[in-house]
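Enquirer: Work the whole structure out from these sequences, hints included.
In the working numbering, the protein residues as written are 4 to 278.
None of these hints come from the bench; they were simulated from the model. One or more hints might be untrue.
[Said to hold, decoys possible] Derived lysine-lysine pairs resembling DSBU-like cross-links, with alpha carbons at most 30 angstroms apart:
(1) Lys-44 with Lys-119
(2) Lys-44 with Lys-19
(3) Lys-251 with Lys-241
(4) Lys-91 with Lys-119
(5) Lys-25 with Lys-241
(6) Lys-251 with Lys-197
(7) Lys-25 with Lys-91
(8) Lys-91 with Lys-57
All of these numbers come straight from a predicted model, not from anything done at the bench.
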Amino acid sequence: MNKVIGERIKAARLVKGLSQEKLGDLLGVSFQAVSSWETGKFIPDSDHLAALAKALDLSLDALFVDEEKNWELGRINYDPEHMFTRVKVKAEEKGMFQTLRVLDLLRPAHGAQPRKSKYGFKASYTVHPLTMACHALAMGLVDDDVLAACLAHDMVEDAHMKPEDLPVNDRVREAVRLVSKNMYDPNDPDWEKKYFENIRENPLACLVKCLDRVNNLAGMADAFSRKKMIRYTAETDKYYPALLEVVKKTHGWNDAWWLLRYQMMTMVETFKRLL
4 MNKVIGERIK
14 AARLVKGLSQ
24 EKLGDLLGVS
34 FQAVSSWETG
44 KFIPDSDHLA
54 ALAKALDLSL
64 DALFVDEEKN
74 WELGRINYDP
84 EHMFTRVKVK
94 AEEKGMFQTL
104 RVLDLLRPAH
114 GAQPRKSKYG
124 FKASYTVHPL
134 TMACHALAMG
144 LVDDDVLAAC
154 LAHDMVEDAH
164 MKPEDLPVND
174 RVREAVRLVS
184 KNMYDPNDPD
194 WEKKYFENIR
204 ENPLACLVKC
214 LDRVNNLAGM
224 ADAFSRKKMI
234 RYTAETDKYY
244 PALLEVVKKT
254 HGWNDAWWLL
264 RYQMMTMVET
274 FKRLL
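Expert: So this is what it looks like as structure tokens:
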């Protein structure tokens, strides 16, 4: 069992990009101590367990439960090229001109941005807005405003565009503005509360934010530290039920509300039990 624990420590250390010396510095031990753990000669003593788990973004169960899982990891998201074609074909078929114009901006705005992965999977950031748009289509939301808002929702925040520069109508611009966190002062201690309160006043912004959160919850284990996953789960539990209620009360979105609520809350409750 010592050897198995040592292999887990080493694997987690390498994922974090830490040398044995750096991990030792974080824990206040020598690199020789870390080496002895990884080879299975010794196991960490109780004084170092909490700090070790924190440094490696692991639970103690993940290190010590006597159950090895040699999962073959796959990509969280699907091929962005396939999704791009799917959205474009549907937009052309239905005459969704805003969606087509925003699609033309998608690669210039996000194509060079990588979708982060702790495990080496590489993808363009375009996979995120495209997943949201495909998710909306799969829920029957064949709506130009909805798809354009999904595709453009991060262009103000991440691509440094202004809402008024987006080739969309005022309804979509306002939804994108509301979900863009850089429109708020991060030094304001109440910025997060104001952010979600303002989104709640706009049904389209609520829908986009819920689609965004479902996609990010589904992929966070691939990119987030354990600490950030815990914070993200708590934030979802605190703010998103109110956003979902707005979606529920919007005409024509009841099926979307049910599916988003099911997807979001089952993931949150699972993470509460695992993190």
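Enquirer: Holds or violated: are the alpha carbons of Lys-251 and Lys-241 at most 30 angstroms from each other?
Expert: holds, 18 angstroms
Enquirer: Are the Cα positions of Lys-44 and Lys-19 separated by 30 angstroms at most?
Expert: holds, 23 angstroms
Enquirer: Within 30 angstroms, alpha carbon to alpha carbon, are Lys-44 and Lys-119?
Expert: Given pair Lys-44, Lys-119 is violated - Cα atoms ~35 angstroms apart, limit 30 angstroms.
Enquirer: Are the Cα positions of Lys-25 and Lys-241 separated by 30 angstroms at most?
Expert: violated, 36 angstroms
Enquirer: Tell me if the straight-line CA distance from Lys-91 to Lys-119 falls inside 30 angstroms.
Expert: holds, 25 angstroms
Enquirer: Given the proposed pairing of Lys-91 with Lys-57, does the C-alpha separation stay at or below 30 angstroms?
Expert: Between Lys-91 and Lys-57 the Cα gap is close to 44 angstroms, so the pair fails against 30 angstroms, i.e. violated.
Enquirer: For the pair we were handed, Lys-25 and Lys-91, check the Cα-Cα distance against 30 angstroms.
Expert: Roughly 48 angstroms between the alpha carbons, so the hint for Lys-25 and Lys-91 is violated.
Enquirer: Taking only the CA atoms, is the gap from Lys-251 to Lys-197 under or equal to 30 angstroms?
Expert: Roughly 22 angstroms separates the two Cα atoms, so the pair holds.
Of the numbered hints listed earlier, those contradicted by the structure are 1, 5, 7 and 8.
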